[in-house]
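S.K.: Sequence:
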Amino acid sequence: MDLTEHDVVALGDTGASAVVVVGGRRAPAVEAVLRAHLADSADVPADDIELDHGCAECGARHGSPTVAYPTTAAGGRWYADAGIAGSVVVAAVGTRHPLGVGLEPATIASAPLVDEAALHPEERERLADLDPVARPLVRAQLWARKSALLRAVGHVGVIEPALLAVSDPVHDDGIGRITRTLPEFGSRWDGVRLHDVAVPGRVAASVAVLPRD
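According to the working numbering, the sequence shown holds residues 228 to 440 in order.
By construction, these hints were calculated from the structure, which means they are not laboratory data.
These numbers were taken from a predicted model, which means no experiment stands behind them.
By construction, the Cβ of each residue, glycine as well, lies at the ideal position given by its N, Cα and C atoms.
Where hints are given, some of them may not hold.
[Said to hold, decoys possible] Here are the computed distance ranges between Cβ atoms for each label pair:
#, residue 1, residue 2, range
1, Asp417, Val271, 33 to 43 Å
2, Thr408, Val271, 33 to 43 Å
3, Ala301, Pro348, 40 to 50 Å
4, Thr299, Asp358, 18 to 28 Å
5, Gly251, Gly413, 36 to 46 Å
6, Thr334, Thr406, 17 to 27 Å
Kindly generate the complete structure, drawing on both the sequences and the hints.
M.R.: Encoded structure:
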């Protein structure tokens, strides 16, 4: 896959970058986009890239994949992940921080039971104060941020998303933070950044970037 037609977006000063690919009638293959972005970033052939989608702790296919090859020039790790919603694929790669990608379509219909399970009470209060036209996309952005965060963290105990709160996408200039944390995120939770990525259509996308160990 050739990504020369697609813009690469730098994620602040993290050293990570994201690319957005939009398909037509057929959605682009998620792994093909991820391999292409990683190949361009690491300057290696896409066919040589080795990705392990099994969790290092339990073997299940969850969280962002492990990049077995390539490594950096100094022998360090590459971090990579990708997600899809409809015909939109976002892939992110970097060498300095673990990361995860989350995408969520913005649905018009209200789903109170879903909101109760996914959103912190503070987040639900903020949504209730929004104009009804703006509310679906902000709701999707909150959930995309949480999805990205959980993929970046990988193997953890069962996390109830409604116990976790992130900052307001309307007022944080597209770089979110955790405002209500959980024990699973340890003492480094205040170093997490959630970089929203602009994508076309009624879709929200975010890349979670974790502090290094």
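S.K.: Taking the hints in turn, state whether each one holds.
M.R.: Consistency of the hints with the structure:
1. Roughly 35 Å separates the CB atoms of Asp417 and Val271, a value that falls within the hinted 33 to 43 Å.
2. In this structure, Thr408 and Val271 meet the distance hint of 33 to 43 Å, their C-beta atoms being roughly 37 Å apart.
3. Distance hint check: the CB atoms of Ala301 and Pro348 are about 45 Å apart, consistent with the given range 40 to 50 Å.
4. A hinted range of 18 to 28 Å is violated for the C-beta pair Thr299 and Asp358, which are about 46 Å apart.
5. In this structure the hint that Gly251 and Gly413 lie 36 to 46 Å apart at CB holds, the actual value being about 43 Å.
6. Restraint check, Thr334 to Thr406: a C-beta distance of roughly 24 Å satisfies the suggested window 17 to 27 Å.
Against the hints set out earlier in the document, a violation occurs for number 4 only.
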